[in-house]
Amino acid sequence: MSDAIVRIEGLRKAYANGVEALKGVDLDIRKGEILALLGPNGAGKTTLINIVCGIVTATGGQVLVDGKNWLQDFRSARTRIGLVPQELTTDAFESVWATVSFSRGLFGKPRDDAKVEEILKRLTLWDKRKSEMRELSGGMKRRVMIAKALAHEPDILFLDEPTAGVDVELRRDMWELVRKLRADGTTIILTTHYIEEAEEMADRVGVIRKGELVALGDKKGLMAQLGQRTLKITLDDPISEVPSGLSEWGVALEDEGHTLCYRFDSHAEQTGIPQLMRRLDELHLGWKDLATHQSSLEDIFVSLVHEERAA
Amino acid sequence: MNVQGVKSIYRFEMARWGRTLWQSLVTPVITTALYFLVFGSAIGSRMSDMAGIPFGSFIVPGLILLSVLTQALMNASFGIFFPKFTGTIYEILSAPLSPIETVTAYVGAAATKAVILALVTLATATLFVDVWVTHPLLMVLFLIAISIGFCLMGFAIGIWAKNFEQLQVIPLLVVTPLTFLGGVFYSVNAIGEPWRTVTLLNPILYLVAGYRWTFFGVSDVPVWASIAVMAAAILLPLAAIVWVFRTGYRLKS
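If you read the sequences in order, they're chains F and S.
So for the first sequence, our numbering puts the first residue at 1; every next one is plus one.
So for the second sequence, our numbering puts the first residue at 1; every next one is plus one.
Source of the hints: derived by calculation from the structure; they are not laboratory data.
Just to be clear, a hint being listed does not mean it is correct.
To be verified - As a list, the in silico EDC-like pairs of lysine to aspartate or glutamate whose alpha-carbon atoms are at most 16 Å apart:
no., chain 1, residue 1, chain 2, residue 2
1, F, 109, F, 173
2, S, 7, F, 132
3, F, 109, F, 169
4, S, 84, F, 87
5, S, 84, F, 112
6, F, 210, F, 91
7, F, 31, F, 3
8, F, 31, F, 203
9, F, 219, F, 196
Unchecked claim - Restraint-style ranges between C-beta atoms, simulated for each label pair:
no., chain 1, residue 1, chain 2, residue 2, range
10, F, 131, S, 21, 45 to 55 Å
11, S, 239, F, 220, 54 to 64 Å
12, S, 176, F, 127, 44 to 54 Å
13, F, 194, S, 165, 19 to 29 Å
14, F, 131, S, 116, 23 to 33 Å
15, S, 232, F, 122, 50 to 60 Å
Ideal Cβ placement from N, Cα and C applies to all residues, glycine included.
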């Protein structure tokens, strides 16, 4: 795709202890999008981000930032990228103002007090600018980490678990901030455990499992592609067990015998629903309500992780 | 070239030093001043001259180096070890800085501190004993070269060290004894065999003797040998650091 601002090609990482963290990941990140990377702990999300940002050395493959190799042209790549790591690692004795100004200079930008002021105000850190890092709460530290990452005005921002251990209110604030950054043209890649977060924020969602990208698509497309629908039939009278005549549909009985559940693939040529309804008639099972339900990203995620366990 | 980035790290390191001035400048100066007071003013007059130099004056260059070598190692190693320890190194690694720029910033700051420490110690020495500098320019150049060498060594130790103990081992267990036995308090010609030969195997002797030569114009060893050891003290750790950045050893996984 030509509009990829970051192109990841065949990225592999084997750690010295033999753990294969990434097994050849290909991924195009589009300019201006919010891409959420979902995956269980140890799936390789952080390794992927750290390789792109230069903290971990790749075993194979390459990353192109705006078409340029990220190692050969490391200066241009890194100047454009901002990283908010998962861990809250800060210099305890530095003031908020000093540590954010430091980050700006470190990434080669000349001193600009007005810019630092704007970033601190945006993250509601202005009142805390003279505080030392050790005096701040966890949530405040998280904001400072974001301010540091934004200090050199990157147009690509990596957020590694931005809302891990963050209270609900701050999480809402973060989402708001991420949306504003996107509106200003920043491309955002975030990793998360929270399906809710991906569902709420992302344009596209990638699922990483055991070092492989097992699903990638725009949020709606992914849900349509992987999503199953469930048909729920509320019966007139409860039954004690599923009649043998319905065995070929694999229906389940729920709600103390009041409801029959049938899971189907909405994209299949034959959903099996008309036949099922006819069979219900033949069996003289009366029903009073029908409802279908689209599975959420959470369901998809859980089923992908279950596939892994089954594999 | 990311000049801003180098300046940022340099300023950060100098500010860290400024916050701990008692520990990093005042304490070593006072400790060294005690030597000047005891060995120079108090009992120096009862000691015989060394290589034609009054004892109190003779020990000044060596004692300055003792303090410089230890502080250079400690400061430079801590400067890179601490970000590794706390995790803030992520920012340095992800910044648009080449290895040369990173090393220049850290080692430059540590060497600046070492040179300031030496000059303050020298100024303090003049309060207690007679000191004169025969080759002032070379005195400063030698000081800068030795400081850079030991700061590079400290930087390499900081990357190698996995804990605070390893950080302290080389400065305290290797460099301090070698400096003490490296002719700080005596001329190598004043001691008998086999200790004379053993002492000549100590590389720090050549640094002390060369540095003393810039003060008093006399040396136990040829000046070119001192310069050769200085060059080695810069090039060997530099080679180790180049290798670290090439391989990512203990810096990147």
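Task: residue 84/S paired with residue 112/F [C-alpha distance capped at 16 Å] - done: With Cα atoms ~28 Å apart, residue 84/S and residue 112/F exceed 16 Å; violated.
Task: Proposed proximity, residue 173/F with residue 109/F (alpha carbon, max 16 Å) - done: Violated - the C-alpha atoms of residue 173/F and residue 109/F are around 27 Å apart, more than 16 Å.
Task: Holds or violated: residue 31/F to residue 3/F, with C-alpha atoms at most 16 Å apart - done: Cα-Cα ~6 Å, so holds.
Task: Restraint status (C-alpha distance of residue 31/F to residue 203/F at most 16 Å) - done: holds (12 Å)
Task: Distance restraint hint 54 to 64 Å, applied to the beta-carbon atoms of residue 239/S and residue 220/F - done: holds (57 Å)
Open item on the list: Against the 16 Å threshold, does the CA-CA distance of residue 109/F and residue 169/F hold or violate the hint?
Closed with: With a Cα-Cα distance of about 33 Å, the restraint between residue 109/F and residue 169/F is violated, given a limit of 16 Å.
- [ ] For the range 50 to 60 Å, tell me whether the beta carbons of residue 232/S and residue 122/F fit it or not.
- [x] holds (52 Å)
Open item on the list: For residue 210/F and residue 91/F, compute the direct alpha-carbon distance and say whether it is at most 16 Å.
Closed with: violated (33 Å)
Task: Hint consistency between residue 84/S and residue 87/F [alpha-carbon to alpha-carbon, up to 16 Å] - done: holds (13 Å)
Task: Satisfaction of the hinted span 45 to 55 Å by the C-beta atoms belonging to residue 131/F and residue 21/S - done: Violated - the Cβ-Cβ distance for residue 131/F and residue 21/S, about 22 Å, lies outside 45 to 55 Å.
Task: Hinted pair residue 7/S and residue 132/F, Cα distance within 16 Å - done: violated (22 Å)
Task: Range hint compliance [Cβ, residue 176/S to residue 127/F, 44 to 54 Å] - done: Roughly 48 Å apart at Cβ, these two residues keep to the hinted range, so it holds.
The earlier numbered hints that this structure contradicts are 1, 2, 3, 5, 6, 10 and 13.
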